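Q: Spelled out, the chains give:
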Amino acid sequence: MTNKKTIYDKIWDSHIVSANEDGTTIIYIDRHLVHEVTSPQAFEGLRLSGRKVRRPESTLATADHNVPTKDREKGIADPDSKLQVETLEKNAKENDITYLPMSDKRQGIVHIVGPEQGFTQPGMTIVCGDSHTSTHGAFGALAWGIGTSEVEHTLATQTLIQTKAKNMCIKILGNVIPGVTAKDIVLAIIKKIGTAGGTGYVIEYTGEAIRNLSIEGRMTVCNMSIEAGARAGLISPDEKTFEYLKGRPMAPAEKDFDAAVKYWKSLATDDGADYDETVEIDAGEIIPQITWGTSPEDVVSIDGFVPDPKNETNPDKKKSIERSLDYMGLKANTPVNQIKVDKVFIGSCTNGRIEDLRAVAVIAKGRKVADTVHAMIVPGSGLVKEQAEKEGLDKIFIEAGFDWRDPGCSMCLAMNADKLKPQERCASTSNRNFEGRQGRGGRTHLMSPQMAAAAAITGTLTDFRDL
Amino acid sequence: MEKFNKLNGHAIPLPIMNVDTDMIIPKQFLKTIKRTGLGQFLFFELRYDQNDKEISSFALNQDQYKGASILIAGKNFGCGSSREHAPWSISDYGIKCIIAPSYADIFYNNCFKNGILPIILDEKIVTKLQEASENTLNFSIDLEKQTISFVENNEQKEISFDIDAAKKNCLLEGLDDIALTLNKVSAINDFEDGQEKHTPWLYGNKI
Ligand code: SF4
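So the sequences go chain by chain: A and B. Heads up: the first sequence is residues 0 to 466, going by numbering that gives the first Met the number 0. Heads up: the second sequence is residues 0 to 206, going by numbering that gives the first Met the number 0.
Among the hints, a few may not be true.
Unchecked claim - Taking lysine-lysine and the BS3-like style, the derived pairs with C-alpha atoms no more than 25 Å apart in a straight line are:
id : chain 1 : residue 1 : chain 2 : residue 2
1  : A       : Lys51     : B       : Lys183
2  : A       : Lys318    : B       : Lys127
3  : B       : Lys144    : B       : Lys127
4  : B       : Lys196    : A       : Lys254
Said to hold, decoys possible - Here are a few chain A residues that face chain B, going by a calculated C-beta distance under 7 Å:
id : residue
5  : Asp12
6  : Val16
7  : Gln83
8  : Glu85
Rather than coming from a laboratory, the hints here were simulated on the basis of the structure. Quick caveat: nothing in here was measured; it's all calculated off a predicted structure. Using N, Cα and C, we set each Cβ at its ideal position, and we do this for glycine too.
All chains, full assembly: derive it from the sequences and hints.
A: What follows is the structure in structure tokens.
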């Protein structure tokens, strides 16, 4: 046994409240993000059992899944959505939890708001009733999604009952070629290990290509850890992490900041620490990636082809390819760069940050969205929106014919009014291409913001480097 | 939470891999602020066509499976979102036990919080059980003994399964996790005191 530890081991060990007789562990939770969809039943549970929120100041709430991204001043039209958002507001108020309402420019997708406010910090345990909580792992935090029962457990006790996962290292060797983004890296990872490849693991992403990513790019990678089946994904913090956090409203200030940085530096995985599993991927082999099917592992390079079920020997996989092709309305062996799209969605907690929008603006500038396409851009938060407008990106988007909207989850999951119609095909920067995810019968292709922007311009899935 | 011990009933075969939580319960039904009443929307888009008419080829719409309390599913069942609406809708429909080769992590945990037993068995055995379930056999599940038994072609069959001891106990006793944790509140207090000394910036600092 070595005493060298991974960052996951270190965070786990420093959050053990008590080891239970049955082999489970009570783990302390430092930060809790709350949104409107997975929390009402948790607050109701507290009320029914006469329990209180243990540490309101460690919790931050905002509405994102249900909020409209147009004509906000008119309020929420759908009565159920409205009730859910109002319920969150009421619950937050009654329990003294900070709540960012739709009218606050800091409102946005929880996983964008947390980092933006400096609420997310290295070494923390962070949970949220949302599977993409893994996003916060980009800071070297241990962050994972939980169900509503666990939301209630966290509110009442500031802890969770857990069993430790195994350590997996995904190492991206070398650096990517220009034009290959964080999204392409993570899609290539999921293609390699599959949607169940990370089950039972916490993934640590390492290697030169990961180090070279900006903090925002790292969030994109960690975000989709859940699509690889992992409980969480994280990246050891470094100078970029500290630089990002400096001066954020909820980050430690002044003297505290120096002390925090000292502590944060101690978190990185020790040289020579053991992983239960290591996967290596050659960065140089990755080119822009897209999905063709209805599972995030259905990934193909933009110069590739829709797969042919005839070539699949595993009968279950064969059936699943046939089912996906049928749902997606695609023929086997079609070159993917000939697939036409009707809609483009740029946004979500995977790719709704300012760097994503800047990358889209580079492509949109001086070009026009194809007549056959409706392309929307939904910033991840009010602050992202404000920053984009300060830089004049909104003008470039509007000029090019994009639909520039207000922040929220929007067509990532189509719980508000932004939806695909049956059979509509969408180039999307979000994280899930499940059947019906973006609207019943809708067909989703996942890709990077640059690729989605190029699809908007040409009306066809296109290698943006060829524009 | 209700205790789980023995279960007797028919099983519904669902031989699809990677069934995600959007398939189990689509998002238009997540706008509720209650836990109950979601069974009617279980597998909504597989169950009903775009005019809300039943799709007769889907197992849940077939008379022989009405009232079944077991679901025999494919690999990586319950992947996708963390929504507990998925187990709520399953349980509200009347399914108390799922058998599959593997589950997504969050969904698997959510089952135990809602009195649903998710059994993991080898893929080949799951396929056999799916075939057996098409003959509307009666399956008996005994959590205490960790067995599934049924009679097929006049032959008594028994399959045993593994399950984590803590999770088993939680179902058998119908335990309330929060109450159990609150019994250890002094350990939580001690932890916070220690953490506040070591990393004081984690305390205070409200926006
Ligand atoms: S943007 Fe999409 S994935 Fe992210 S929290 Fe919202 S619905 Fe979930």
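Q: All hints, please: hold or fail.
A: Each hint, compared with the structure:
no.	hint	result
1	A:Lys51 <-> B:Lys183	holds (16 Å)
2	A:Lys318 <-> B:Lys127	holds (17 Å)
3	B:Lys144 <-> B:Lys127	holds (21 Å)
4	B:Lys196 <-> A:Lys254	holds (15 Å)
5	Asp12	violated (13 Å)
6	Val16	holds (5 Å)
7	Gln83	holds (5 Å)
8	Glu85	violated (10 Å)
In this structure, the earlier hints numbered 5, 8 are contradicted, and the remaining ones agree with it.
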